[in-house]
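These protein sequences, in sequence, are chains S and H. Going by our numbering, the first sequence opens with residue 1, and the numbers climb by one from there. Going by our numbering, the second sequence opens with residue 1, and the numbers climb by one from there.
With a straight-line Cα cutoff of 16 Å, these simulated EDC-like cross-link-like pairs (lysine to aspartate or glutamate) come out:
no., chain 1, residue 1, chain 2, residue 2
1, S, K519, H, D93
2, S, K108, S, E521
3, H, K26, S, E512
4, S, K287, H, D93
5, S, K287, H, E92
6, S, K519, H, D94
7, S, K108, H, D93
8, S, K393, S, D35
9, S, K108, H, E92
10, S, K507, H, E19
11, S, K108, H, D94
12, H, K14, S, E516
13, S, K519, H, E19
14, S, K504, S, E521
15, S, K507, H, D93
No lab work stands behind these hints, which were simulated from the structure alone.
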Amino acid sequence: MRTFLVLSPVFIFLGAMLAMGFVIRKNSQKDRDADFSKDYFIGGRSLGGFVFAMTLVATYSSVSSFVGGPGMAWERGFGWVLFAMTQVLAVFPVMGIIGKKMAVIGRKIDAVTVVDVIRVRYQSNLLANLGAVLIVVFFCGSMTAQFMGGANLFAATVQGLLGQNGQIIGKASLFGAEVDYDYIAGLFIFSLVVVAFTSAGGFKAVALTDTLCAVIMLLGMSVIAYAILAHGGGMSGVMSVIGEQPHMLEPTAGGSIPVQLFISQWLLTGVCTMGLPQSLVRNLSYKTSGDLHRAMIYGCVVAGAMMFGMHLLGVLSRGVIHELPGGRTSDFVMPYLIINYLPPLLAGVAITAPLAAAISTISSLLLAASSSIIKDVYQHSIERKGRKADQKKLGRLSAATTALIGLTCILIAIKPPAVIVWVNMFAFGGLQTSFFWVFLLGFFWKKANFTGAFMAMTGGVFGYCYFMAARIPLFGFHQIVVGIGVGLVLFVIGSLLGKPTDEKVLKLFFPEQYPEGTKIEIPDKI
Amino acid sequence: MLSKSEQRGQAMEKMSYREKFVQMNKEAKATWAVMAVLIAFWWITGFGVSRFDCVIFNMPGWFVLSCLGVWVLSIVLVTALTTKVFKNFNLEDDE
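Kindly generate the complete structure, drawing on both the sequences and the hints.
Shown next as structure tokens:
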């Protein structure tokens, strides 16, 4: 009965999202018959400010914002919140710096994906295809990790309810691999829902479910706050327990977070988040400049609330959970708190929050990965020959591709090979090194050209992954510093040596550097 | 946050394609400036104040000032940015 009560909010939430996906699919039929990709992959450029902000925030915040991060804060204290606050730059810069140019030029060239923009700006199919491949590979790695995160959470919940302090209660054999029941059940229940609504509903469904997810995340956060304060004897009670651990009160957590790590974090989860394609693509989806302005403010409010709130709650949970059951890592703090210190229904609401964080990330990555294959490779190869793609067929293929990518990631998540852990670890920084300079300099530096972009994309990713894999020490800095640094140097050298970009493109991207009245032409399709 | 009347007050301006880009470059520069201010504020309050033993809401003073502070400051500055610097214009062609 208790298990049922805990899980019922989760199931209501999953059901609601599934319904949203199919209703949207039904209502968009007309738009899709006219221009399928524009509706399915970018929602017909119809997002208002609120939904635009929520979809960007929800896509950015993942399971680790709700489980991993707060767990670390439980261990290290207030210094970890300081560390997490670098994410104050995760939302508004990508809108404020790149958002409008991308929207204006995107409308001119009818862009639906980030790769569309790259193709036109750098006049290269090679660079476009490389971008598409990097997106698919890194997104699949991240998605698998989010599937695993959600499934683990599910398993931890069920185990917390049924077992003794989180023992694994059953093992099953699946495809020759030993896995536990709860993990598999969780994986299939929640991940099939995500894949289904994304595949059916497309971008509009992703954006609207993201909005629902963001609301649930805030709601779950408040419930967790209640649990901590009610059981820890209010702020003074909680803080008197934490005061016994002096390292938790220091900004460097007793020296365990060196200053180099703080600097790296300002790049990795701050400035360079402007290069994440899942954020960039949303700049093609909003309706008016006013929507962008409002989204920047809402984004600051909501993203800040989540990052500050969840990590602070992680610290405060120390006042309730003094130590973890044996053998558990700090990832177990949040599920443990939720299951043991909340009445069943409220626990269900709280546990839905991290699930929502996972779902909102997966749906966006899944759709973007699918658009890379369908729009950037398949549809482009047809339209290149001067034909128009059959919109109905495009629809069927896209839904199938989305579902196929999702299912593949689910299967990988059942018994993830070691390489997936690596791909996921590389994904966040790898995407940034691939796209940060290509977009920033592409929009703001007239001399930026194909040679520079190609060298930065390949060299930056290679350098970053090599330094990550070989674990080369960098005086305590994170490898993102190398990836971004190498990328910039290569980009500048390549752009100065290479052939300048076509004049038509430059007039389109840099009209301010030409006299008023210069005729703007759309570059020929390549 | 913008009220309805302010939204209406921020009228759509008619601009040429070129003028829009001049404006967007200005907006981008201002956004970088806001980012720089936030980072500086975070460092100064995070590491500069920690040696003073002050406590706010039972929590360390440096923490409230830097972490809650940088969040509140981001909302204030971005609101100022979007109302004072950013301009409303048609994302489609005006010409």
